Each structure stands twice: as structure tokens, then as C-alpha cells.
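Construct the entire structure; sequences and hints are all you get.
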Amino acid sequence: MAALSGNLLYVAFFLYLAATITFAVSVTGRKWRDKAGEMTGNKWGFIGYLLSVAASLFAIGYFITRWVHAGHAPVSNMFEYMTFLGIAIGLAFNVIYAIYRSNVLGMFTLPIVMLIVAYASLFPREVEPLIPALQSSWLTIHVITVALGQGVLSIGMAAGLVYLVRTLDFTKANKRTRAFEFVMYSLISLVGFILIGYLFNAMNYEATFNYVNEQDVETQMEYNLPPLVGPNEGELITENRMEPFFNAPAIIRSNDLNTVIWSLISGLILYVALRLILRKRIGGAIQPLLKGVSPQAVDEVSYRAIAIGFPIFALGGLIFAMIWAQIAWSRFWGWDPKEVWALVTFLFYAAYLHLRLSRGWQGERSAWLCVIGFAIIMFNLVFVNLVIAGLHSYA
Amino acid sequence: MKKVTCECGHKNPHGTEICESCGKPIEENLEQKKLLDMRYEGVARRSQTYTTTIIDKIWMFFSSVKVGIWLIVLTLLASALGTLFPQEMYIPPTANPSIYYAEEYGYLGEIYYLLGLHNLYSSWWYMLLVAGLGVSLIIASLDRVVPLHRALKTQRVTRHTNFMKRQRVFGTSSISQEEVDSTFSKVRERLEANKYKISEENGNFVAEKGRFARWGPYVNHIGLILFLIGCMLRYFPGMYIDEHVWIREGDQVVVPGTDGQYYIANDRFLLEFYDENDEIFGEAIERSGSPVVKNFQTDARLYERTDADTVGDLGELVEVAEHPIRVNFPMSHDGFNFYQLDYKLNELKTMSFTLENKETGDTFGRMDIDLYDPEPSYDLGDGHEVIIRDYFPDYFLNNDDVPSTRSKIPDNPVFIFEMITPETPEGEVSFVGIRQNLEPLGENDYKMTFVDVETNNVTALGVRKDRTLPILIAGGVIFMIGLIQGSYWAHRRIWVQRISGDVWIAGHTNKNWLTLRKDIDEAIKETNLKSPLDQVEEKEKEVEVPNQTNKNED
Ligand code: HEM
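Note that the protein sequences, when read in sequence, are chains B and L.
Counted the way the UniProt record's numbering counts, the first sequence spans residues 1 to 395.
Counted the way the UniProt record's numbering counts, the second sequence spans residues 1 to 554.
No lab work stands behind these hints, which were simulated from the structure alone.
This one's a predicted model, so the numbers in the text were calculated from it and none came from an experiment.
Among the hints, a few may not be true.
[Unchecked claim] Keeping only pairs whose Cα atoms sit at most 20 angstroms apart, straight-line, the calculated EDC-like set for lysine to aspartate or glutamate is:
1) L/K24 x L/E243
2) L/K408 x L/D370
3) L/K541 x B/E300
4) L/K294 x L/E279
5) L/K165 x L/E443
6) B/K291 x L/E540
7) B/K291 x L/D370
8) L/K294 x B/E126
9) L/K447 x L/D382
10) L/K525 x L/E189
11) L/K153 x L/D143
12) L/K539 x B/D169
13) L/K511 x L/E522
14) L/K511 x B/E364
15) L/K539 x B/E126
16) L/K209 x B/E364
17) L/K541 x B/D169
18) L/K511 x B/E300
19) L/K195 x L/E522
20) L/K344 x L/E272
21) B/K291 x L/D382
22) L/K153 x L/E189
23) L/K541 x B/E181
24) L/K518 x B/E300
25) L/K197 x L/D521
26) L/K344 x L/E243
[What the hints assert, rightly or not] Listing some non-contacts, in silico: residues in chain B with all C-beta distances to chain L over 12 angstroms:
27) M1
28) Y10
29) L57
30) G61
31) L115
32) R178
33) E233
34) R241
35) A248
36) R279
37) W324
38) M378
All C-beta atoms, glycine included, are put in the ideal place defined by N, C-alpha and C.
Have a look at this one:
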């Protein structure tokens, strides 16, 4: 069952890849259509959609088989939650595509799904036992709803990106193009991190340090990437490993910092290489492909996604979360960092809706807000979980 | 205030921008080409009409969405700031915050503490922000919902040409006069099939759908207000009980917060771990390196005191509930909920000593000291007696180097014994703790020798009674209903009119313009009417034309 579940996820991953390529063809493959003399663009889009739906079905297959195998919903650690978030984005895309038939949205959304699923796989993948606080159907309902809500909200971000690529003037160097390139660089860093992660995972790389933690206790820390930064008073005890260039102070989790540095460097290398090959800003290189996209239309898709996702997120991230907290911890709200960041996300999108509705923040401003909103979601998921870690012990 | 009479005869309240009835823009140059600002149907709102007194100014301030957004953003930033370092409730309970933050987080931590950010969410200014949000919600909603409701009720079918022209979705078609009637009925039918409600007047009609979605925001704001009120009620006495009890296994204690009405007993405390060789979880348990708790539970029994007949009579305890309490499975009785929160294994319960003659090694008797409730003295027979001069259940030396205790929990018990024997009738003093045996007043002949210790498991239960929950639940439910109502439906109107021989179509929606246009196109399919254009989109295209080379269907 465990093996079957893993394989279903692999198949889903490659179907997402196939769907991405198909959507890219449908958006960019104008020349082929010209030769055939007919509108095949739409047909490619439809095939892409079928592939995306198939990918979702396989992904749900992974989810159900893993659930049966573990005896609890597979949303209880970082790998499981991240993977499910990826699946949720894919599902949300299927729904929004059914309304708006936007091929370019598939070309932007599905790579993000793949990135998230690949990133998830870098976390430990064993089925973990649930501690008593997590043994609750309300928790399952809460987490699944949150992920679905975040999935739909992410579509808003993808459509926002399309809007920005479509409308920004990439021939100029200004705040906006720089900000956009920064978004691209962040995504590329994630790619870099995943590649490096897989590389060293495949080599079974491990380096262990003795070090002194923030409570002045001597203990050990394990690295899965070559240590550029060592832990506080770290002493390498694995043989044939590189020595770190310097040691981090005790309050910083140095192996996480090391990972961050690795992804920033690899992202930088990839980004510079891309810029050299393209001889343009990344956004400027994609822009010509989107000539035929109506900015109005993607703007509406983006808003529609937020309008659909916000109630789901509010229900899952606040209301169901409160019900669970009331039953498990005896109080519905405890100002735990994860809770606070769910509230921050909620308030952020509430502000977005009011700005849009009453102050006319449409188009570009709205697109930037969607990108920031997604950044907040990822921050809550990754940073708050791994670094500020509260009660919700995924990880 | 004076009313404004429109040429259609409708009397509008002062401050109206678009006639509530026919839609003619009021008191402005009719030749203007700009799109009408259809927000709130152009109704007169109190905040824009009355602007002189202090109350008007306050009303204007809180009804402004700009202010509302600022309040939301400030609350957001403040909330995020509070997660920079842990709040006071999450630092170790024994830590002194004035030292802890500086020590753990350095200079920034010290500032964090000095600014009071370690208790941010209960600070007066955070509460003020949230209260401001509540006030703003109430006023902004009232300011809009009443006139909006009136305008939507009084709207007429036939609209002024100027109103039609200046809608975002607008188009005219010239069709032959014979066609007009059949076209109109075809369009009507198709719109009706698409669940639009049609109202007709003088051969013109308006198709409307989803008006109730317009109330969504107000319903959800009411839910939010109710929720905030519920949270506020918590600060009134009697609404909310939040207590914590530690109960030893086999013991029974009064339930705090009930004035002695209830007693709760811990019949058994149970702690279970996952099997390390578990087929499914084994691998993960091995990686985590320590056993993983599967369950902890208290088999609890609740007693209620029966009514006492006479003053001074405490009544009798009657069992009213028996239930295993586990995490996620609290016990409920009479509005009280009992939660499994924590536990402590092997807490010291009794310590046993004997009195020993240091020289001969002879021992005399045995004393078992109940660490929760020691006797003042123990008679060991044959004239041997040990008096407990002082007892520190959780011993430490305080700032003045005086022995003291941190709590009544015997985590580090220390005794000062006075040993009286026939040989030493004036008594000898010894200071005895775990692995400690000192003679503070000089060399003794006798000593207290440790014999045995007994331990006990202790469970921690939370006792809660929350009368605000029904309000919070109502608030949450109303909020969700309003949110869904406003988000998953849109208010759409399509006006179709005959004007100087042509057919004019105008459309308005509060969101999702593409869908509105799709609805219109669907309705005029198979007629000779031209699809109306989105004037915002057209303008955008005009700007873009120079660098537009290729057009794709996407
Ligand atoms: C966290 C708190 C709040 C939440 C969750 C919230 C939620 C919402 C939602 C979901 C909408 C509908 C938006 C749409 O349809 O796109 C809305 C509309 C609105 N909100 Fe709020 N809101 C909040 C606070 C406020 C505050 C403080 C104000 C005060 C100025 C305010 C004033 C408005 C107004 C005027 C509308 C438009 C109503 C209409 O179009 O008829 N909201 N709100």
C-alpha cells in the first residue's frame, strides 16, 4: 500500500509535467496552428486540461491510499501537508479552468504545483504516528479545508503573475521590474534548492557536528548539505566532509541557515545563467508569449480565485481551527504563532478585498497583492513551521 | 433636509448622485462621457450628507473604508509583530521575563520586553485597534446598507439614456422595427431560462439576478461584530471560568471555580506509547529517537454536593459522572468541560526515614512522611521522637539566601528535623533533602537515614465553563453565511430598452464582468443584436494598440 501510494504520486507528478508542456504549447504554438491553417490552440488547451484532471485523480489516489495505510489523513507532517497543498492548487486550477478556459493560467499554475510537490518530497516521508493532540477528526477537517483554501488563493497569485508579465514594461529598469525579477529569482531559488537537495539526497550525504545549543547543552546536529555554516562551537565528527567557513551563533538553527544559503546561491547561479542565455529580464523573455492574453480577463480570474478561496480559507483556517483548538487545547484561540499567521493571512486578504472593492485597486496593484498574499501563505507554512514552530507540529 | 426632485418625478434624499428611480445622474453635466460610479447605486449616505457636528465627523471617520482598511492593516502588522519572539505565556513558566528576553534574544529581545510586546495581544492599544475595527464595521455597514436597500427597492425599469450610456457594459443595435418584439421576447425567454428575474415597463425590461448577494458583506460584518462582542463578554465576571487542577492518582479534589459544588476524582491515570516495532510507524519512531506518546488519559469521576439542609451541614457527595478524559475527548457536565492538559509521572508521594545512631549503626523505628501533609512530629518509640521543624516541598535558596519553597508540589523536598532521643533529650537538628544530610548546628550523634520513597502519577485537568460560546458560534455561522452569500453569487442587472428606434443594452454587476457579458451574449444569440462592449476594456485596448501585433483567443 505504501509503495502503491508513492507510485501514484510519481505518476501524478509526470502528468502535471505533461499538462504544463501541453498548456505551454497551446499558448505559444501559434506557428503550428498557422501551418495547419486551423485553430488547434484550443484543442491543446483541452488536452492540457484532461491531463491536469488526470494528474489530480492520481494525486487523490495517492492521498487515499496513504490515508488507508496510515490510518489517519496524510496531512500531519511537512511532507504530507506540502504535497496536499500542491494537490489542492491543482484541484483549484481545474475548477477555475472550467469557468474561464484560460490556458495561460495552466502554463503558470501547474509548474508551481510541481515545484511544491517536489519541495515536499525533500522532507522525511515516513508515515508518522500521531501524538494525542493530533488525533482528532476536527484537525483533519481543519487542515484539509485550509489547504484547499490556500490552493484556490494560490491561483489568484498565478493569475496575478500572468497579469504582471503581460503588462509590465520589461525594457525599463525600475522598481516594478526589479520586484518582479525578485519574484522570479525566489522561484528559481526554490528550483535550485530542490535540485541540490535531490542531488545530495541521492548521494546519502550526511555530516554530523557536536555543538553547544542555545541552552548551553552539548548535543549533535546533522547536515544533509555540505556545511558552509557550522553550528555554534561546532566540531565536525563525520570523516571526509568539508569544514564550514564559519560558525553561526547558538540561537540560529545553523543547518536550516545552511540550507537557505545553499538555495540562495544555487538560485543565483541559475538566475544569472538564464539571464545570460536570454539576454533579457526573465519577465521580458516570457512576455511575448502572452501577447494575446487580455489583462482584463486575467485580472478577473485572479480576483475570482481570491473571492472563491477566501471563504474556504476563513472556514478552514479560522473557524475549523478554533473548533479543533477548543476541543483539543480547551481554548479556541491561544495566540500561537501559527494561529496568528493564519489571522494575518485572513486580514491580508480582507484588506485586499476592501481595497479592490472600495478603492478601485484593480489590475497591477491587485496582482502585486496576490503575490504578497502567496508569500505570506508560504511564510506561514515554511518559516513559522520550521523556525518559530508552535503547537501545530508538522515537522 | 431638502429633497432633490429628478425629472422623472422621484424625490431623492439630499446628497444623491444617481436618481434612485430612473438612474439619471443628478446635477452634473449630462454630456460627461465618464462611466457612472455605481458604487452603492450612487445613493446618499449619511457620512456624505451630514458633515458638520462632532458626531457627523466621528461617523464620517468610521464609515470610511479607507479608515477601515488602515485598521485592518494595522491589526495585521501588530499581530505579526507579536510573533517575532514568543509571548510571555509561551516562555518557560519559571523564567523571569525581565531577564529571559534579554538573555535569549539579546538587545532586540530587551526592547521587545521593554515595549511590552511580550504581552502584545492583551495590551490596551491592541484591544483598542480591535475595538476600532468593531466600531468601524458597525458604522460603515449602517451607513451603506439602509440607503442601498431603499435604492434597490425603488429602482425603475426604464432608465435615463444617460444612465444607460454610462454603464460599463453598453451597446446599441439597429434592427428592423418588425423584429423588435420577437427579439425582445426571445432575449427575455433566454434570460429567464438563465434564472434572471424580469421586470417590464413600457416595452423595456430589466433582468436581474442575485440581488441578495449585495447583502452578503453586511451579513458577514454582523457576524464579525457578534463574534467581537462575544470575545469582549469574556472579560465580564461569571461568563468564563478557566481553571487548572492537578490530581494525584486515587485522589479527589474540589473543582475550582464551583464554590465547592463539585469534586473530581482521578481513579486511574494511563499513559501509552506507540510500539517501537510498529509495522507502519516504526521507521518514523526510530528516526525521532524517542518513544512517541499514543494516549494519556484520566479515568475521572465527578461528584456533586447535595443541598445542605442546615447551615454548616456540607451535604453529601453524589457521583454524577464517570468518564475517561483524553486529549481531544473532554468530559462535559452541566456546562463545565474537563480537559486532559498535562501529566507528571512519578511525583514523590511519601518518603520514609529511620533514626540511626551514627556510632553504633542501631536504627529506631520508621516514619513515613506524607509529602503533601506531613505530621508535626513522629514518635518512633522508646523515647525517640522526630519533630519536623520546617518543611520545604520544593526547596530553593531565595535571593536573601533564606531557604524557601517554590510551590507546594514536592519536587525537591527538604526537611529540618529535630531528633530527640533518651541520649539527646535537648534535641539535635539536621537538614535533610534528596541526597543531602547536613548538620547546621554542629556535629550530631544521630542522623535520619533514608529508607524508601513512594511515587505517584499526577494528572492535570483544565476546568472550563464558557457562556460566551453560543454567541461566538452564532457570530461564526452568520459570518460564514454572509461571506458565502457575497462571494459565491454576484448581483447582475441587464437593461434592455428601445430608445429612438434602436435597442440599447446596458449591464451592471458588482463583480465578475466577463461572466455578465457571457450571460448577455448567451441571451442575444440567434438575434441580430450586437454584443455590448466592456467600455473599460475598450479604453485599455486603445492605449495598447500601438504595440499590439497579434491577437489570440485566450
Ligand atoms: C477583518 C474584518 C473584515 C472582514 C473579514 C470583512 C469582510 C468583507 C467582505 C468579504 C466583503 C465583501 C467583499 C467583496 O465582495 O469582494 C466586505 C465588504 C465591505 N466591507 Fe468589510 N470586512 C472587514 C472589515 C471591514 C471594516 C473595518 C470596514 C469599515 C470601513 C468594512 C467595510 C466594508 C464595506 C463598505 C464593504 C462593501 C460593501 C458593499 O459593497 O456593499 N469592512 N467586507
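Numbered hints the structure breaks, given as an ascending list: Violated: hints 1, 5, 7, 15, 16, 21, 22, 23, 27, 37.
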